[in-house]
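Construct the complete structure from the given sequences, taking the supplied hints into account.
Residue numbers (my numbering), protein chains in the order written: chain A, 1 to 640; chain B, 641 to 1280.
Hint data in this document are derived by calculation from the structure and do not stem from the laboratory. Hints should not be assumed to be uniformly reliable.
[Claimed, not checked] The calculated lysine-lysine pairs, modelled on DSBU-like cross-linking and capped at a C-alpha distance of 35 Å, are:
hint, chain 1, residue 1, chain 2, residue 2
1, A, K238, B, K1018
2, B, K825, B, K770
3, B, K1226, A, K302
2 protein chains.
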Amino acid sequence: MSVSESHTYRPPSLPQISVGGFWRSRIAAVREHTAPVLYERAVAAGTLDQVDVDKPVPELRIPIGPSGDTQQMFWDSDIGKIIEAYAYLVSDKRDPAIEERVDYLVGLLKKLQQPDGYLNSWFTRMQPGKRWTNLRDCHEMYNAGHLLEGAVAYYQATGKREFLDIMERYLDHIADQFGTGEGQKRGYPGHEELELALMSLYRLTGDQKRLDLASYFINERGRLPHYFDQEAADRGEKVNKRPSANHEYSQSHKPVREQDKVVGHAVRAMYLYSGMADVAMETGDDSLRQALDKLWDDLTSKRLYLTGGMGPSKENEGFTADYDFPNESAYAETCASIGLVFWARRMLGFGPNTRYADVMEQALYNGVLSGMSLDGAKFFYENPLESRGDHRRWEWHQCPCCPPNLARLTASIGTYIYGQSENGIAVHLFCDSTGHFDIAGGKVTLTQETRYPWDGKVAIRVGVENVDRFTLSARIPGWSRNTTATLNGDKVELEMNVQDGYLTLDRQWKDGDILVLTIPLDTRVIWPHPEIRQNAGRIALARGPLLYCLASADNPFPLNRIRVRPDTSFVPEFRQDILDGVTVLKAPARLVATEGWGTTLYRESAPLLVDTTITAVPYFAWDNREAGEMLVWMPVDSQG
Amino acid sequence: MSVSESHTYRPPSLPQISVGGFWRSRIAAVREHTAPVLYERAVAAGTLDQVDVDKPVPELRIPIGPSGDTQQMFWDSDIGKIIEAYAYLVSDKRDPAIEERVDYLVGLLKKLQQPDGYLNSWFTRMQPGKRWTNLRDCHEMYNAGHLLEGAVAYYQATGKREFLDIMERYLDHIADQFGTGEGQKRGYPGHEELELALMSLYRLTGDQKRLDLASYFINERGRLPHYFDQEAADRGEKVNKRPSANHEYSQSHKPVREQDKVVGHAVRAMYLYSGMADVAMETGDDSLRQALDKLWDDLTSKRLYLTGGMGPSKENEGFTADYDFPNESAYAETCASIGLVFWARRMLGFGPNTRYADVMEQALYNGVLSGMSLDGAKFFYENPLESRGDHRRWEWHQCPCCPPNLARLTASIGTYIYGQSENGIAVHLFCDSTGHFDIAGGKVTLTQETRYPWDGKVAIRVGVENVDRFTLSARIPGWSRNTTATLNGDKVELEMNVQDGYLTLDRQWKDGDILVLTIPLDTRVIWPHPEIRQNAGRIALARGPLLYCLASADNPFPLNRIRVRPDTSFVPEFRQDILDGVTVLKAPARLVATEGWGTTLYRESAPLLVDTTITAVPYFAWDNREAGEMLVWMPVDSQG
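Encoded structure:
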């Protein structure tokens, strides 16, 4: 379907992949708990009442802020994300009850849609007459994007076109209103999202109009005179102290190709860069890709938490100064890490490169997964790296963006495991799974067997049918050391065959070939960049893709009293009895003694240190037991 | 004048003491810059317009909050504190221009006073009819207290009675309204202050009514049914999410004698405890003193910053959990440290004890002094222990409580240096000064000569006239080691003569006797309590009463990149050329190198350390040069 015939890699569609192993349990949690919670809470919040024109116009439930906006303005996006998540669950396993719910929601949206195609519950029912007057704050295009992603996913899962048709009509309306033509407004999304959604529609239908609109949004962003300023003046807005009044907040402070620093609201940034990557890939626009590479460097060299989280500040839900990594007050919104997974996956579209896959995996297994309890029923909005035990997952949130985002990403994880080009398949992530690919005129089946992330052995069985030759690229994680590989039992020389961190085998494959990667999962002691003031004198632990942390449940003392030597040997131990089964890391350490310290707060002699043992657990699994402290960055033992 | 004939120590009146040395320069800064700033800003803010009934009722300048309160409600307190500060400056040196200003302000207050004695600009002019309806939030009694302190000070400085008479009438009105009698309201101050002010009036006049009212306020506080709840119900107040709705905020969560934990708004707490100490001393009520000792232990063992600051949280301007000492976000309001000086001085009234004097000195030289620029023209509200260079002193503040508080404390510092009992004089602080005391039927003059806090030698010359014998108590600071003393050149055996940390000499003094203390000012490396998580792996520096810090101006690198060995020898050097002359501390240290680190944020090998030299300056003097980082707690060097 793509207009581009280059050797770019696209994710497979979800029905091509069946997922087992580690991620199967996450999908099961989403199916069992998250999916019903999403719907129930949308009903309880009043979201459905707002969308349903057969109901009386509901009362305002969430106050209107100083810019005339309210979180109720983006309830449509919740509907879109719920439908998208449900679509992926249906792809994974048909479920008439889920489909019935989606069809009901689609029916509500159909009745809500205006004769001119406009589709937005807030501006149709709550504030009629104000549509398209505040793109900066009011999330109209953001809502459209999430609804569109839902429509595309539901069509792919079921073949049902109705929602897609609704959205096509709405997009026609939007394309009519906005653009560089005469009489059109030169607006673009205040919260990016529609750009990437348009691109997923474009990949589905090949309709050039959708690519053109996405490209227009990308190209127009940040041009002067500034659209948001003009719009604010038209509204008669005077001083606005909201973060959004600063154009960095929405990455519209300059044209996107001139941007080289990751700024503003973190989720907005990730969604923009994802959309830019889609457009760059489908148009071959190298100037966009160059900007993205600079932004990637900036993010990963100055503002990415070790969790794959980002955006330390609650104030702007986003970025601050270089190397600013508060631990206890880290905002690091779950949705931002999810957005990074979206962006990284798209950067992998330019060809397998572990530079992107490492970060995608880092965010997935840490900052994303931590957003959800093991049972899928409770959620974090913020993902700090230290807690006194007062940061707990909640059942719902006034701004419930994260749970459906977690659900749609988890339920579609299969499409992140692999990438596919004209005659290549890339293995980006390791997970028990089977993938079916049409390639080079024939069919290829890849079957992964692995206990990853608990064990580093990955067996990939290749099935072929009418295929001449193709390239299989299997990722060697950037953090790994001494990975070995065998093909049908014979050692593969890695030095010769690794390209951008992927073992790349371009050969005639035989049905039943088995490629085995053995990735040693050594415990790694991690030092922070010298400029990270909050982590001075501290180290962290990782094993494979998993970041580790200390939790009170395993270490019954105030966690900042431990002292760890950097040369400590940590012993991994798989524990089936805790946290649904995780590998823990155990080691000797020392504890700063309070015994003998006295009653003063400060004194002139160093405290005594006593021997102890510490046990670290995967970061993503913290706060699934009783409330207690958590610590990622542990103080180094500095006393003789 | 006192009703109590016990051996308690009271501060001398200000005219008894003339101050030189270190504190003279601070008084000069207050006289030259702070004093005019106070008045100019009160004019600019509109404070005088609100008080002046000959002016039209002014517009609201500071918004009214959710409880119907506004900072404008406590503008009267600013007038009171300005008058008090001005009175101390007049005591120090008569100044007709200053007196003219005070007389003008007193004239405004006289015209403002209502026929029934009531005196409050807000409820007379801005919200007439609402007086005494919200003691919890509206600061009426707090205002009365500050006006009263101003009136007492101005009378002592000048003998002028007019303001005192105004306040006596107002107090009669308050005593009429509040109490346990029939028809009286059982209210008490929401923000404590009037209690201690009543006690200073009582000490001046001996009028039992004033002691009775102060005692009533202290005794009534926290009783059930809770007055603030009843009052809120009477106002029809429903849910109130302000911190003040929690009675811990105002230390009214239980009767004061049952309180053993320092909670709530920090300034409120310090003012309450000061008032309690005054009442305990003048009534001999041991149950109050026992409560105060528990509260003192709690404060100093769990919630006192090394600066003598307290109250880490901006949210409640006050206290949080045990051992919670954020550095960069420390609130540690200047006024809270000032309040601690008030409380500590009153605890010294029970007899010289370096347990209290050490803390008084710690707060004075660090958390209090840091609140004012060296020239007296700019001010901190918050006093963090770490800064990235964005925390700067301001010229004024919407809530300008700290500058006049700094001015009145600094200008009256003479009364903190000494304490006087029936036949004893205590030297609590070291500073060039002369004190005149009527004692044991005769006259004693003490003259201190010292370069303290830069040098630890203190010579105290004793002049006597018609005095038989008296006790001279000279403090040996708790942080000092190996202090020696000589009397007229002969060594004094300290072990025998030290009581509660004071060298106590009860003897027949001869005119011209010279007592010399030699207090070694060694640099001290300070370790934090093991439970202070924010300072894990960090140490601080002090010399004498001064806490030290690193500042960018002397250390041109990110301060958290330094690593210091605890056994480092720091060399003091007096530098006349910086910060109006301070002793700096120099030492070798190491710097975490960014060279060779690479572009990643995290890596598996420790960074390189390179040798460097660091220079620390007194904490109180930071941010008097160009903007830059500041750090108190330095990371310990943990690498071999």
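Results of checking the hints against the structure:
Taking the CA atoms of A:K238 and B:K1018, the gap is about 31 Å. The hint holds against a cut of 35 Å. With a CA separation close to 15 Å, the supplied pair B:K825 and B:K770 stays within the 35 Å bound. Under the criterion of a C-alpha separation no larger than 35 Å, the hint pairing B:K1226 with A:K302 is consistent with the structure, at around 32 Å.
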